[in-house]
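Colleague: Read top to bottom, the protein sequences are chains W and F.
33 is the number of the first residue of the first sequence in our numbering; add one for each residue after it.
33 is the number of the first residue of the second sequence in our numbering; add one for each residue after it.
The hints are all genuine.
You can't tell identical chains apart in this list, so a pair holds if it fits in one copy or across any two.
No more than 27 Å apart at the CA atoms, straight line, and that leaves these computed lysine-lysine pairs for DSSO-like:
#	residue 1	residue 2
1	Lys260	Lys288
2	Lys252	Lys288
3	Lys355	Lys252
4	Lys252	Lys34
5	Lys388	Lys412
6	Lys56	Lys34
Honestly, the hints are just simulated from the structure, not real lab data.
None of the values given here were measured: they were computed from a predicted structure.
Single-letter residue listing:
There are 2 protein chains.
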Amino acid sequence: MKAFEWYNPTRIVLGTNSIAQLSKFLPKDSKVLMLYGGGSIKSNGVYESVMQALEGYSVDEFGGIEANPTYETLMKALEVIKSKNIDFLLAVGGGSVIDGTKFLSSAALYTGDNPWDILKKGIRTEVGMPFGTVLTLPATGSEMNSGAVITNKSTSEKLGMGGPGLFPQFSLLNPEVIKSLPKRQLQNGIVDAMTHVLEQYCTYPVGADLQDRIAESILKSLIYQAPKILHEPYDETVASNFMYCCTMALNGQIQKGVPTDWATHMIGHELTSKFDIDHARTLAIVMPQLYRFKFEAKKEKLAQLAERVFDITEGSTEVKATKAIEALEKFYDKIEMPHRLSDYTKGYEDIDQQVKSIFEARNWRGIGERKDINPDDVAKILRMTY
Amino acid sequence: MKAFEWYNPTRIVLGTNSIAQLSKFLPKDSKVLMLYGGGSIKSNGVYESVMQALEGYSVDEFGGIEANPTYETLMKALEVIKSKNIDFLLAVGGGSVIDGTKFLSSAALYTGDNPWDILKKGIRTEVGMPFGTVLTLPATGSEMNSGAVITNKSTSEKLGMGGPGLFPQFSLLNPEVIKSLPKRQLQNGIVDAMTHVLEQYCTYPVGADLQDRIAESILKSLIYQAPKILHEPYDETVASNFMYCCTMALNGQIQKGVPTDWATHMIGHELTSKFDIDHARTLAIVMPQLYRFKFEAKKEKLAQLAERVFDITEGSTEVKATKAIEALEKFYDKIEMPHRLSDYTKGYEDIDQQVKSIFEARNWRGIGERKDINPDDVAKILRMTY
Chain W
33 MKAFEWYNPT RIVLGTNSIA QLSKFLPKDS KVLMLYGGGS IKSNGVYESV
83 MQALEGYSVD EFGGIEANPT YETLMKALEV IKSKNIDFLL AVGGGSVIDG
133 TKFLSSAALY TGDNPWDILK KGIRTEVGMP FGTVLTLPAT GSEMNSGAVI
183 TNKSTSEKLG MGGPGLFPQF SLLNPEVIKS LPKRQLQNGI VDAMTHVLEQ
233 YCTYPVGADL QDRIAESILK SLIYQAPKIL HEPYDETVAS NFMYCCTMAL
283 NGQIQKGVPT DWATHMIGHE LTSKFDIDHA RTLAIVMPQL YRFKFEAKKE
333 KLAQLAERVF DITEGSTEVK ATKAIEALEK FYDKIEMPHR LSDYTKGYED
383 IDQQVKSIFE ARNWRGIGER KDINPDDVAK ILRMTY
Chain F
33 MKAFEWYNPT RIVLGTNSIA QLSKFLPKDS KVLMLYGGGS IKSNGVYESV
83 MQALEGYSVD EFGGIEANPT YETLMKALEV IKSKNIDFLL AVGGGSVIDG
133 TKFLSSAALY TGDNPWDILK KGIRTEVGMP FGTVLTLPAT GSEMNSGAVI
183 TNKSTSEKLG MGGPGLFPQF SLLNPEVIKS LPKRQLQNGI VDAMTHVLEQ
233 YCTYPVGADL QDRIAESILK SLIYQAPKIL HEPYDETVAS NFMYCCTMAL
283 NGQIQKGVPT DWATHMIGHE LTSKFDIDHA RTLAIVMPQL YRFKFEAKKE
333 KLAQLAERVF DITEGSTEVK ATKAIEALEK FYDKIEMPHR LSDYTKGYED
383 IDQQVKSIFE ARNWRGIGER KDINPDDVAK ILRMTY
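With the hints as extra help, turn the sequences into a complete structure.
Modeller: What follows is the structure, encoded as structure tokens:
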């Protein structure tokens, strides 16, 4: 196990009554800007619940934060923050709204000329404007971590940012939000959370026994909840477990003391960028093939995954590791998540060379837990996904 | 799963280099009081490491905090805090030193006449004097929670206290502290941490799938590390896993959304009080018999424990549950931890009636997850431990 530092001050409030408790966590004299996305919160009752909980507060609103939130949209919200003297941000939405709010938390207190520099120059946010979240879409884990990804449309860049100032002060998780989510988004949430765990787990063994077991716990719980979430009537306990799994998958805990990969995410981002394929679906396309390509380097952890998560106990390390990749694909099949690039798009034949060029242009010489997947390898992995 | 709120802002720094990083987390102009116990830190090198890391700070010392820290000793430390204008406390020790420091954190800012009222009247500490810890004995989990237990010698009371102001700001965990610990304390640490998990796990099922699996992860990891910790040469990875398990066993996470028991602890405390038996050993004496006594109420979770932790998969719920209790006792045997009251003391024959009277005098009508273990039941459980 590597040495590690673990710090996460976000308060998680999970339960059907969580939104009603909002005023317990929000200072009374706050000037609140409530941020949201495309307006689904107005049809599923969340908007009304939040507004009711905000009674007595000074509240402004900013809607229309898109999936893969853009710098251009967020700069309009920043104007509202400044003109209305906002001092507390409340994200009501999924990962995109929360990520956008993290950018605003940082940008609102940024003293430089150009807030895009926070991302472009990799400026760590030590202190941001305080914010909380009301989560409407379990998937990204953004509700309990300090990272965000923002897209600049004018420069075609999609960059990450973070820092200890970007933990939400609180996140309110009402399992009932599951009820109104379309199947497609639930499938995405399941695969997004699973992939988060695997990016932090499926590398090489370092003897981090407890972290491994907790990662396996989240995977087993997700696999157990998934068919219930997708095919059975709403159940509060199942929905609560699912939300909690998604949060735990990327709150930093299972990452402590272990190597992490994230190559699947880095390649997947380019498929979203080029073909507008949902983020989670790009992960299902890339991950199994990346695991086949890096089989030798990952086979020990893949075999452990087979044994402990998929109950595949027979055979050599290689046999079990191979079966783990197949079990992952069978799981995608079971939840009806297509996982070939050709299931989603046409005209992908030269995407391998396109993405290779992008990685080269960014000077990304190596990605993955050993930084040994080079742009040529990325092209090979992508050809395996066709 | 029950609704829950989870908040834990303590920063955990785990690794052989953790103590050297102290100044990263301690404000430069702090007036520090370093608190410790019987002086073992002066023979194992921890005192020197801490003093070196504190170079440049204003530092006073207070040693001599005893196991089961007493109000009487701590009131002397409080005088030092006041006379020296201390504004940061640094606990260097195990659970007793950390618990004592939590009391001081609260008492230093308490405006009432009598600091014992914090415990006697159950006053929640919203804000305490900031403090950090350097952990020298993995066991209690006090390094990452906001609770403490303090003994008042003059009134023979042992009471708990807590509140959001009592989370350590940071806890530095150097696995090398394991090297100098006597076997007895290592055994105690293993059983203390296991019992913490079981008090929060072995109740009745509420469908908290992820919490259950994480609790099982900690148990499996402890069972795996225990013989290595006790019988093999020092290994940094094993020691790190063991320390992390002890912290995770009582940092609040696995308690969220589930019922909790704690009856074993409440009965065990009286055995420590009457016979001066080590805290962890009283838990090994009480827990298996309490589980036999409450078999019907606990059998579902006991059977789950059997299946998932002890790999006992054959038989009915009752058979598996029975075997889980036996497996727990076999584990105590394996780590050479005696678990009958008669292994530790003589003159225990009327302890059942004595403890019954104590519980009655405190008006404790019922303990355990359903508050249905009455003083008569406590007497029966104790007779089973003879």
